[in-house]
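Line by line, the protein sequences give chains A and B. Each residue of the first sequence is one higher than the last, beginning at 1 in UniProt numbering. Each residue of the second sequence is one higher than the last, beginning at 1 in UniProt numbering.
No lab work stands behind these hints, which were simulated from the structure alone. For glycine and all other residues, C-beta sits at the position ideal for the given N, C-alpha and C. Hints may contain errors.
Partial list, computed: chain A residues near chain B (C-beta under 7 Å) [said to hold, decoys possible]:
| no. | residue |
| --- | --- |
| 1 | 154 |
| 2 | 192 |
| 3 | 266 |
| 4 | 269 |
Chain B regions said to be covered by chain A (calculated; three or more residues, Cβ under 8 Å) [claimed, not checked]:
| no. | segment |
| --- | --- |
| 5 | 16-24 |
| 6 | 120-131 |
| 7 | 206-212 |
| 8 | 226-233 |
| 9 | 274-285 |
Mimicking PhoX-like on lysine-lysine, the simulated pairs with C-alpha atoms at most 25 Å apart in a straight line are [said to hold, decoys possible]:
| no. | chain 1 | residue 1 | chain 2 | residue 2 |
| --- | --- | --- | --- | --- |
| 10 | B | 327 | A | 138 |
| 11 | A | 117 | A | 191 |
| 12 | B | 327 | A | 127 |
| 13 | A | 214 | A | 105 |
| 14 | A | 208 | A | 227 |
Residue strings, one per chain:
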Amino acid sequence: MKKTLLSGFVAFGLAVLPLTAQAGTVTVKGSDTMVILAQRWAEAFMKKNPATKIQVTGGGSGTGLAALQNGTTDIAMSSREIKEAEAAKIRARNNAPPTALSVAKDGVTFYVNETNKVEALTVEQLKAIYLGDTTNWKDVGGQDAPIVPYSRENSSGTYVFVKDHVLGGEDFAPEAQTLPGTAAVVNAVAKEKNGIGYGGAAYGKGIKELKVKKGHEAIAPSAENVKSGKYPLSRDLFFYLGKAPSGEVKAFIDFALSAEGQAIVTQVGYFPVK
Amino acid sequence: MQEQDLAPPVALPTLSHAARRRQLKEKAIAALITAVAFTGIAALVLILVFVAKEALTLVTDAAAREEASFSKMFLPQMVRKGKPLGYVWQPVSNVPKVSMIPLFIGTLKTTAVSMLVAVPLGIFGALFAAEFAPRRLREVLKPTIELLAGIPSVVLGFFALMVMASFLQETFGFTSRLNAVVAGLGLALAIVPVIFTVTEDALTAVPRSYREASLALGATPWETAWKVVLPAAAPGILAACVLGFGRAIGETMIVLMASGNAAIVSWNLGDSVRSLSATIAAEMGEVVVGSPHYALLFFIGVELFLFTFVLNLLAGMWTKKVIQRLKGGAG
């Protein structure tokens, strides 16, 4: 009995081994903002190419880029541009600079609670709020209540984007509460009536999206405004590679940039690059 | 060889074949168990060595020494131009600020809240279960509370985040929904069963004769429980509290989810906090291996280990004293 079971296992192992060896696996890791998007791409791609396995994991842009430096992922998803130090590490490892590909566009959106009277803020006002200089909603046209700012963990690409493009490179106020993931921020702002948070446009449900004021015009993070670059806080979503793409990795990237792949971008709620 | 030299020359009794085989088997089993035990110890030592080695970069590497010197970790630093010096944890800033003080305060606040709730709850619960509860109730009570220990901490964290946070904010009017109180109460849920179980075991281990003597002298059941059984079980109860404290200080998920993770220096329990363990969990994903920030996170790990180690040591010493006193009193 035992022997038959054992030999059964061995036979099963022998049968499975060549299969897994043949099928290539492409690992995609990084930005939590991009996980849903890459997952949809992977599903559609694997339906067409059953021999290839695409593994998508999140963890934040920094995580993906760190994995690329450590050589543990094929593609790093990132919602921010690579830092010079990170690029240098990859150059040293592979004797080649990292390849960057913009695969989709996104508008970083600031959210407030539905009951908040504030509709639009300027970038300067957002900066003052997140630096901790403005601490009451009445200073920016709201009711007399303390502002409760929510931020993301510092492994998040969105964190770095806001730090660079809203705060001008300065640090967030220590009072800003950091939450893991945009969904957590949205949930917090939906429950905290004096809260303010930020994240990708795809997550903007159940809360009010703030428009960004530029001069007299309040610009909403809508598809046209982001695609045309009129919305001041639009950004690219990137795939980073350790070296020039080849084989299955190239096939997957080509698919993501194809008309079909870019249609998926729109479905998910981001904006196509083409 | 040495043993033979030292031992007086006594003729060994000749063993039968079967007896010798049995002896060999015994020896083999003993060796196996020893090997397993030492594997465990070796694993522990290796983990400690690894963590300490990674943290040591802070001392050996010049760049890391510059970025995260001990004075930067523990003394006030410049935060922003025109603002007073302060303690800020911003390790990914252009000018990294690596003050440990807000993390210490955060850990202390959540741990204090959780211990303040969990210690009385656990001890009195155990006292009730061991001394006053009818047998039937006790048989239900104990496994129920122990079941609480089996709930994964993510679930407790989620409960604290979604349910307790809103409730507590409405009740106490906290400015920030996620704060030390929410995280501390979430932690307390995880610690109560630990303290309860160990305390209950310690209380039931107190000899019956103590209770009978006390009752025979005319003490009420409450006086017996409070003045005789509880002190007699003191070392066990202290062990329970230390175990609970260790869990509270090292528990990560609940704090990560429910504390708000803002590294603020403030003693207000209604403010958000960032704890040492949650900092490791939140930032480990993003660091580049070998960077000063990476070494810093390992250094936090060393600190957490040292805290629990020192506390265990102190508790062990105190327990020894108490046991000696109890023995002296009895004799």
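Outcome of the hint check:
Annotation: interface hint on residue 154/A holds; nearest CB of chain B at approximately 4 Å, less than 7 Å. With a cut of 7 Å, the hint placing residue 192/A at the interface with chain B holds, because the nearest CB-to-CB distance is about 5 Å. Because the smallest distance between the Cβ of residue 266/A and any Cβ of chain B comes to about 29 Å, over 7 Å, the interface hint for this residue is violated. A least Cβ separation of about 24 Å between residue 269/A and chain B goes past the 7 Å threshold, and the interface hint is therefore violated.
Coverage of a stretch by a chain is defined here by at least three residues with a beta carbon nearer than 8 Å to that chain's beta carbons; for the segment 16-24 of chain B and chain A the count is 0, and the condition is violated. Coverage of the segment 120-131 of chain B by chain A is violated [criterion: at least 3 residues with CB-CB distance below 8 Å; count 0]. Only residues whose C-beta sits within less than 8 Å of a C-beta in chain A count toward coverage, and the segment 206-212 of chain B has 0 of them, not enough to reach three; the restraint is violated. Residue count for the segment 226-233 of chain B with a Cβ under 8 Å from a Cβ of chain A: 0. That is fewer than the three needed, and the coverage hint is violated.
Closer than 8 Å: that is the beta-carbon criterion, and the segment 274-285 of chain B has 4 residues meeting it against chain A, so the requirement of 3 holds. Straight-line distance between C-alpha atoms of residue 327/B and residue 138/A comes to about 68 Å, which puts the hinted pair past the 25 Å bound. A C-alpha spacing of about 16 Å is found between residue 117/A and residue 191/A, which places the hinted pair at or below 25 Å, so the restraint holds. Simply put, residue 327/B and residue 127/A have alpha-carbon atoms about 67 Å apart, too far for the 25 Å limit, and the pair is violated.
For the suggested pair residue 214/A and residue 105/A, the alpha carbons sit about 21 Å apart, so the restraint of at most 25 Å is met. Distance restraint check for residue 208/A and residue 227/A: the Cα-Cα separation of roughly 21 Å lies within the 25 Å cut-off, and the hinted pair is therefore satisfied.
Checked against the numbered hints given earlier, the structure breaks hints 3, 4, 5, 6, 7, 8, 10 and 12 and satisfies all the rest.
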